[in-house]
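Student: Take the given structure of chain Y and dock chain C to it, following the hints.
Number of protein chains: 2
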Amino acid sequence: MRILLASRNAGKLREFEALLPGVELVPWPAEAPDIPEDGAFFQDNALQKATFAQAWWAGQGAVPVDGVLADDSGLCVDALWGGPGVLSARFAQGLAQDAKNRKLLALMPEGAARTARFVCVLAWVPRGGAARTFSGSVEGALALEPRGAGGFGYDPLFVPEGHAATFGELGPEVKHALSHRGRAARAFLAGL
Amino acid sequence: MRILLASRNAGKLREFEALLPGVELVPWPAEAPDIPEDGAFFQDNALQKATFAQAWWAGQGAVPVDGVLADDSGLCVDALWGGPGVLSARFAQGLAQDAKNRKLLALMPEGAARTARFVCVLAWVPRGGAARTFSGSVEGALALEPRGAGGFGYDPLFVPEGHAATFGELGPEVKHALSHRGRAARAFLAGL
Chain Y
3 MRILLASRNA
13 GKLREFEALL
23 PGVELVPWPA
33 EAPDIPEDGA
43 FFQDNALQKA
53 TFAQAWWAGQ
63 GAVPVDGVLA
73 DDSGLCVDAL
83 WGGPGVLSAR
93 FAQGLAQDAK
103 NRKLLALMPE
113 GAARTARFVC
123 VLAWVPRGGA
133 ARTFSGSVEG
143 ALALEPRGAG
153 GFGYDPLFVP
163 EGHAATFGEL
173 GPEVKHALSH
183 RGRAARAFLA
193 GL
Chain C
3 MRILLASRNA
13 GKLREFEALL
23 PGVELVPWPA
33 EAPDIPEDGA
43 FFQDNALQKA
53 TFAQAWWAGQ
63 GAVPVDGVLA
73 DDSGLCVDAL
83 WGGPGVLSAR
93 FAQGLAQDAK
103 NRKLLALMPE
113 GAARTARFVC
123 VLAWVPRGGA
133 ARTFSGSVEG
143 ALALEPRGAG
153 GFGYDPLFVP
163 EGHAATFGEL
173 GPEVKHALSH
183 RGRAARAFLA
193 GL
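Protein chains in written order, with the numbering used here: chain Y, 3 to 194; chain C, 3 to 194.
Excised from the complex, chain Y in its bound form (with noise of 0.2 Å):
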């Protein structure tokens, strides 16, 4: 089975070919537009990205594909009111990662809960159907600074619960046992 990912990023490619063995995952070519995100909600947006990508796959007569999978994630922080949310990709553009994760802490109230959760929906067209979604979720807590080189964007920040590592500490493995991503992943599979 051979899927478009509607996705430059590397991070979410890497857990992709992890969380999807067997599929031939075929990466958005460089020489692609960008993939317009400018929804309200991860479903929106996760719907949006699918949806322009396989339009434009589409129209390009390249190899075909059985479908187009298309991520729409983030970090809903309860003490920043659910922030950065569906915004996660836009807070703080420019800076390096890191400085972002740092910046991210800096917002936190003084003395505020840490509860976070980390959200990922995926967006499914198959060839010649209609799309769906699937979504998965994982309850945890920021840490007080950016811990481990593991996993991607946020990673470092996110302690999820039950654990005492962030992600960017724990394994894939046991990452992708856990995560929003994984578990959407798994639903993505089981509907399929």
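Misleading hints may appear alongside valid ones.
Each pair may be met inside one copy or between any two copies, as identical chains are not told apart.
As the list claims (entries may be wrong) - Subject to a maximum C-alpha distance of 20 Å in a straight line, what follows is the list of computed SDA-like cross-link-like pairs (lysine to any residue):
| hint | residue 1 | residue 2 |
| --- | --- | --- |
| 1 | LYS102 | GLY173 |
| 2 | LYS105 | ARG92 |
| 3 | LYS105 | LEU146 |
| 4 | LYS105 | ASP40 |
| 5 | LYS105 | GLY150 |
| 6 | LYS105 | SER9 |
| 7 | LYS102 | ALA60 |
| 8 | LYS102 | PRO29 |
| 9 | LYS102 | LEU146 |
| 10 | LYS102 | GLN50 |
| 11 | LYS102 | ASP80 |
| 12 | LYS102 | ALA132 |
| 13 | LYS105 | ARG134 |
| 14 | LYS105 | ARG188 |
| 15 | LYS102 | PHE154 |
| 16 | LYS102 | GLY41 |
| 17 | LYS105 | LEU191 |
| 18 | LYS105 | THR117 |
| 19 | LYS105 | THR135 |
| 20 | LYS102 | ARG116 |
None of these hints come from the bench; they were simulated from the model.
A quick note: this is a predicted structure, and the numbers were derived from the prediction, not measured.
Tutor: Frame of chain Y; chain C shown alone:
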């Protein structure tokens, strides 16, 4: 005391007139530029609006004000991962408010918890002084359909904790006593 309100929202102006007795509120002029809001958090947006408005006003040589007040607020729905949150004003732009309210309700997953909160962050830039912020929130739940013509925005959807009526049905006095904006305004008055 004369305060420039960095908002064109008639509902906000009306509420601040009730919430800030004795203050002469100057509304944002029709001929003034649109006030940008592209932050990832309520606090960013409130500060961005207040500093933008303060700089523009200072360049006009218009009637002096004692300071500029901006309000960034929104509805955070747990089942929508805190959305529309900071994107509350941008969600379904172009739709009339009642259609927007119904569209939001239609996004609720079946059987999901309906808990939500309204959040308000005020940014205050006094003449010649540094910016400060004040915030307020109110917990509640989404009604099954819009009810009541009071208030504005998502008020017809929101049932505050401990009540059975929506902010659209409760009168302004009850709303102001409970609301996110009422709490933030009282924190502002106490901090002045």
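Student: Enumerate the violated hints, using their earlier numbering and listing them in ascending order.
Tutor: Hint check: 1, 6, 7, 8, 12, 14, 17 fail, others pass.
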